[in-house]
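*Asks:* Same order as they appear, the protein sequences are chains A and B.
Read left to right, the first sequence gives residues 1 to 275 (the numbering used here).
Read left to right, the second sequence gives residues 276 to 853 (the numbering used here).
Treat the hints as calculated values from the structure; they're not laboratory data.
Everything numeric in this text was worked out from a predicted model, so none of it was measured.
You can trust all of the hints, since none of them are fake.
Across the chosen pairs, the derived CB separations fall in these ranges: (1) B:724 to A:209: 37 to 47 Å; (2) B:333 to A:82: 39 to 49 Å; (3) B:526 to A:273: 19 to 29 Å; (4) A:82 to B:683: 23 to 33 Å; (5) A:238 to B:683: 57 to 67 Å; (6) B:394 to A:275: 30 to 40 Å; (7) A:275 to B:526: 25 to 35 Å; (8) B:333 to A:216: 49 to 59 Å; (9) A:33 to B:715: 26 to 36 Å; (10) B:372 to A:273: 29 to 39 Å; (11) A:107 to B:438: 33 to 43 Å; (12) A:222 to B:526: 27 to 37 Å; (13) A:33 to B:438: 50 to 60 Å.
To spell it out: a stretch of chain A is covered by chain B in this simulated footprint if at least three of its residues, at any positions, have a beta carbon under 8 Å from a beta carbon of chain B; those stretches are: (14) 50 to 61; (15) 95 to 105; (16) 263 to 274.
Not everything, but these chain A residues come out facing chain B in the computed CB check (under 10 Å): (17) 37; (18) 41; (19) 46; (20) 65; (21) 68; (22) 69; (23) 73; (24) 76.
Where is the CB? At the ideal position from N, CA and C, for every residue including glycine.
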Amino acid sequence: MVRIEDYGEFETAWCPGCGNFGILKAVKQALVRENVAPHEVVFVSGIGQAAKAPHYLNCNVFNGLHGRALAAATGIKLAKPSCRVIVESGDGCTYGEGGNHFLAAIRRNVDLTVLVHTNQVYGLTKGQASPTSDLGFVTKTQPDGVKVAPFNPIATAVALRAGFVARSFSGMQDHLTEMIVQAMNYPGFALVDILQPCVTFNKVNTFAWYKKRCQEVPPDHDPTDWQAAMRLAYEWQERIMIGVIFKCSRPVLTFPQHDGTPRPQALSESMQRYY
Amino acid sequence: MAVPYHAGKKRDRMTSDDFSILIGGEAGQGLVTAGTILAKALMRSGLGVLVTQSYESRIRGGHNTFAIRCAPRPVIAPRETVDLLLALTGDTVGIHQGQMTARGRMIVDTAHGAAESDSCVAVPFKELADKRMFTMAATGVAAALLGLERTLMGQTVNDVLGTKHPELTEANQKVLTDAYEWVGQNGFPKLGPPSARNRSRRMLMDGNEALAAGAISAGVRFCSYYPMTPGSSIMQAMITHAKHVGVMVEQAEDEIAAINMAIGASYAGAPSMVSTSGGGFALMVEGVSLAAMTETPVVVVVAQRPGPATGLPTRTEQADLEFVLHSGHGEFPRALFAPGDVEECFHLTRKAFELSEKYQGPMFVLTDQFLADSLRSAEPFDAANLQTVAPLIASADVPGPYKRYAITDAGVSPRLVPCETPHLVIADSDEHDEEGHLTEDLGIRVRMVDKRLRKGRGICGEVVRPGHTGDDSPDLLLVGWGSTKGSMEEAAAVLRGRGQSVGTLHFSQVWPLVGDLFVPQLEKAGQVVCIESNATAQFARLIRRETGFHISRRILRYDGLPITPEYILRELEALECT
Numbered sequence: 001m002v003r004i005e006d007y008g009e010f011e012t013a014w015c016p017g018c019g020n021f022g023i024l025k026a027v028k029q030a031l032v033r034e035n036v037a038p039h040e041v042v043f044v045s046g047i048g049q050a051a052k053a054p055h056y057l058n059c060n061v062f063n064g065l066h067g068r069a070l071a072a073a074t075g076i077k078l079a080k081p082s083c084r085v086i087v088e089s090g091d092g093c094t095y096g097e098g099g100n101h102f103l104a105a106i107r108r109n110v111d112l113t114v115l116v117h118t119n120q121v122y123g124l125t126k127g128q129a130s131p132t133s134d135l136g137f138v139t140k141t142q143p144d145g146v147k148v149a150p151f152n153p154i155a156t157a158v159a160l161r162a163g164f165v166a167r168s169f170s171g172m173q174d175h176l177t178e179m180i181v182q183a184m185n186y187p188g189f190a191l192v193d194i195l196q197p198c199v200t201f202n203k204v205n206t207f208a209w210y211k212k213r214c215q216e217v218p219p220d221h222d223p224t225d226w227q228a229a230m231r232l233a234y235e236w237q238e239r240i241m242i243g244v245i246f247k248c249s250r251p252v253l254t255f256p257q258h259d260g261t262p263r264p265q266a267l268s269e270s271m272q273r274y275y
Numbered sequence: 276m277a278v279p280y281h282a283g284k285k286r287d288r289m290t291s292d293d294f295s296i297l298i299g300g301e302a303g304q305g306l307v308t309a310g311t312i313l314a315k316a317l318m319r320s321g322l323g324v325l326v327t328q329s330y331e332s333r334i335r336g337g338h339n340t341f342a343i344r345c346a347p348r349p350v351i352a353p354r355e356t357v358d359l360l361l362a363l364t365g366d367t368v369g370i371h372q373g374q375m376t377a378r379g380r381m382i383v384d385t386a387h388g389a390a391e392s393d394s395c396v397a398v399p400f401k402e403l404a405d406k407r408m409f410t411m412a413a414t415g416v417a418a419a420l421l422g423l424e425r426t427l428m429g430q431t432v433n434d435v436l437g438t439k440h441p442e443l444t445e446a447n448q449k450v451l452t453d454a455y456e457w458v459g460q461n462g463f464p465k466l467g468p469p470s471a472r473n474r475s476r477r478m479l480m481d482g483n484e485a486l487a488a489g490a491i492s493a494g495v496r497f498c499s500y501y502p503m504t505p506g507s508s509i510m511q512a513m514i515t516h517a518k519h520v521g522v523m524v525e526q527a528e529d530e531i532a533a534i535n536m537a538i539g540a541s542y543a544g545a546p547s548m549v550s551t552s553g554g555g556f557a558l559m560v561e562g563v564s565l566a567a568m569t570e571t572p573v574v575v576v577v578a579q580r581p582g583p584a585t586g587l588p589t590r591t592e593q594a595d596l597e598f599v600l601h602s603g604h605g606e607f608p609r610a611l612f613a614p615g616d617v618e619e620c621f622h623l624t625r626k627a628f629e630l631s632e633k634y635q636g637p638m639f640v641l642t643d644q645f646l647a648d649s650l651r652s653a654e655p656f657d658a659a660n661l662q663t664v665a666p667l668i669a670s671a672d673v674p675g676p677y678k679r680y681a682i683t684d685a686g687v688s689p690r691l692v693p694c695e696t697p698h699l700v701i702a703d704s705d706e707h708d709e710e711g712h713l714t715e716d717l718g719i720r721v722r723m724v725d726k727r728l729r730k731g732r733g734i735c736g737e738v739v740r741p742g743h744t745g746d747d748s749p750d751l752l753l754v755g756w757g758s759t760k761g762s763m764e765e766a767a768a769v770l771r772g773r774g775q776s777v778g779t780l781h782f783s784q785v786w787p788l789v790g791d792l793f794v795p796q797l798e799k800a801g802q803v804v805c806i807e808s809n810a811t812a813q814f815a816r817l818i819r820r821e822t823g824f825h826i827s828r829r830i831l832r833y834d835g836l837p838i839t840p841e842y843i844l845r846e847l848e849a850l851e852c853t
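Turn these sequences into a full structure, and let the hints steer you where they fit.
*Replies:* Written out as structure tokens, the structure reads:
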């Protein structure tokens, strides 16, 4: 049996009180619940404070470039389908710098679990607006408030009919663990957008701000109902829906015919076309 | 500096035993298909063949050409003059008339107002075939005039076009028969080429196809790309083999994704390759740096075309040498190969994989549109007996704790694949410690930079020596790299035929430059001239930077067309070197 200690305890570069701690703990709990050993999983991340999370887990890590985690993870999963691949990065990395890869990864539907830390601000670069910052959000670099409309990751993922779309909050441990477990068990692209406070740079969207708004999706919500999911995806100012927003079944991209041992010796036959 | 392709006066053929065919027409007329059929049939008849394709960046219309030069010996370079012009449009004649040799012939549609003459075969295509089959009829007339056997031609048409649709196959064969009969009835004398001697089985393959085959023979398992001319046909070729040989090929959303996917796949143990052209490579550059920092093997193919920006999308140039050499922020070792012909495309791509897996980092193959699209007859590669690269992956029983970036004398660390052993494989784009975790320990930083750079010594020890032809201490030494190889060697041979002392030095690896391997030869030559398809003599300047040897005489071309032997001879005359 895998124990939580197997994933280690590390000194982190995060601020005391950061939402990242809650996410890290829930990730460990989910791995233990699913009995995944450290050497059986690859965590892939980009750049940012969230992207450091894999370094604080005793596991295989590919900590690549800002915005490009999904692309690297796609290559890892396609090349080695037996690896369990989990992408973990922030909202700036995944929805901003990596926006095109986010769209393509949903369309491609490789079997990836994608955990996005959404705190609506840039932490590592010290407080600029992020793609999810609300209109009017004041920062040092947006002193008149953000004028660029926020990116809605849930609505975008639902619009593209991502196979599994969920949202949770770093302050709700059990709920978050459950969402990560469900995402890990979904065969295909599975998104968990995780709301989290940034205690240093976001004085608006605080722990209390999220706590007050986060409500579990109503028990009668049918996550296979696309229109209902789209409606929930646009809930934001008054209340924010957490839970499984949308689910559907889609073919997963693999290379069954190309997989396994390469057969370079078959090249001679294949080259007959050139004679 | 650059002389337009067609500026030359009517010239006689440079050598007596070769024959040059040019097919001209609009995009969408089936010009490449017609050319490929003729080139393949000529090769099967025993001739050496070399194709030069010139096309515009459009799907229909414009004016494109497909030039086939053939001879009863290997053909190494294109030729500007034309012995047989196959004009698929009325404009073709006017555009290419100036290139015709004294005994050149044109095949022209009577509908374009052509009249029979010594130099013109006027064909009533309307009587020979349905309009959709005009190109096939023209191909048949050309084949008959060239003396290609009817059965050989019929077989080649079926092989190139396939025989899935029996009606179409039958229709093509009927048009061929009618074309042959028409030529026979009119009693035209057989044109060249001279009859052939080499009846051994050979392949007709372009640079990009050879490159893909080389990668497969090396053991490539994962390829990703975003389409960009002239790099795309590498992956097109790869896809035709993919299922058969077990290669994954994925079209990425952009070039950034392509290289990051390839690096991910390589981290997971699959030898990987990406291919692109200048603009696409510009997007990959951060990924190059990632491969270097995470010490992940990846082969990057850059098929050059003229820039800056979108430039001339379908033309040729060698202007990305400096760009590729300096691509990627930070300092790390690399190798750049520049194949000079189809055979080198195959073997140097293999070598790039070998180095990439051995030294765990990005290695480059630099080609260009001319070579990418240049179909050539080639001896079969012994694909069945070539070794695949052995990915340098340490055995599973590495004594713990496993350190992915263990500091070693050679700079190469034991490489494991994740999820295969109980060991954890940690890769980081940040500076990292031996385990792979990010660090800000500046002492480790220095040791890691030194470790990575030490791999450069090993790479230097495996450099491909520049190829030398001609006298050891020639009066004139021509220096070039990449696809100019054949033109340079043919120009030198012409001059030697005139009694001049001429040598050539061709670099098929342009980085690293190991001066001991070539500077003595430069010093022994009377005059040295560097030949490059760019405007700023990038390679000549690189040689000076690395060795101090200054090559002040340069022959440069940057009008988007390939350097030909005639171009070199004209420019040498202008430089008063001949």
